[in-house]
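J.: Whenever a hint applies, use it, and build me the whole structure from the sequences.
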Amino acid sequence: MIARRCLMVGLAAGLASYSSAVFGQAADTAKLGEELMALEKASWGYMKDKNLDGMRGYLADDGLLISADGTRYDKREVLALMPDLRLDSLTIEPTYAVRMLTPDVATLLYRVTYTSAVKGGKPETVKVLSSSVYVRRNNKWWSVLYQETPTK
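Heads up, the sequence shown is in my numbering, so the first residue is 374 and it goes up one at a time.
In short, the hints are calculated from the structure, not lab data. Just so you know, nobody snuck in bad clues.
For lysine to aspartate or glutamate, the following DMTMM-like pairs were computed, each having C-alpha atoms within a straight-line distance of at most 20 Å:
#1 K423 to D457
#2 K404 to E466
#3 K448 to D422
#4 K448 to D426
#5 K500 to D442
#6 K448 to D435
#7 K525 to E497
#8 K492 to E450
#9 K513 to D401
#10 K492 to D461
T.: Structure, rendered in structure tokens:
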């Protein structure tokens, strides 16, 4: 009987500890999602405003961007493209998801529609599912991978 009570008390304590950790992690994940979405929106602003310094401070040196058409850009190529890029419109859907892969790696998923043109070309509107991978280095979140998947 005493062994059974000890087992029940142990299970209850373990469950309470687990549930507290899960709820705490959910709150941390929600806060992280807000932080990463703010960084993501800022990066779109850097593109629109041609803010090279802002983009330098956002993209990791080993960062990679993959556009909806499959074109790949490293950090140097993104910075070189920015002066010739025109971002005419941008709509980020209000819902998004964040997944913590480790305490220092997270993925942000969201939908965005934007119209852009390069070097005076014809503006093109695309709807995409965006995924961004962030890594925390020296207590700062850096974008290491941005990838677009076209949607309808």
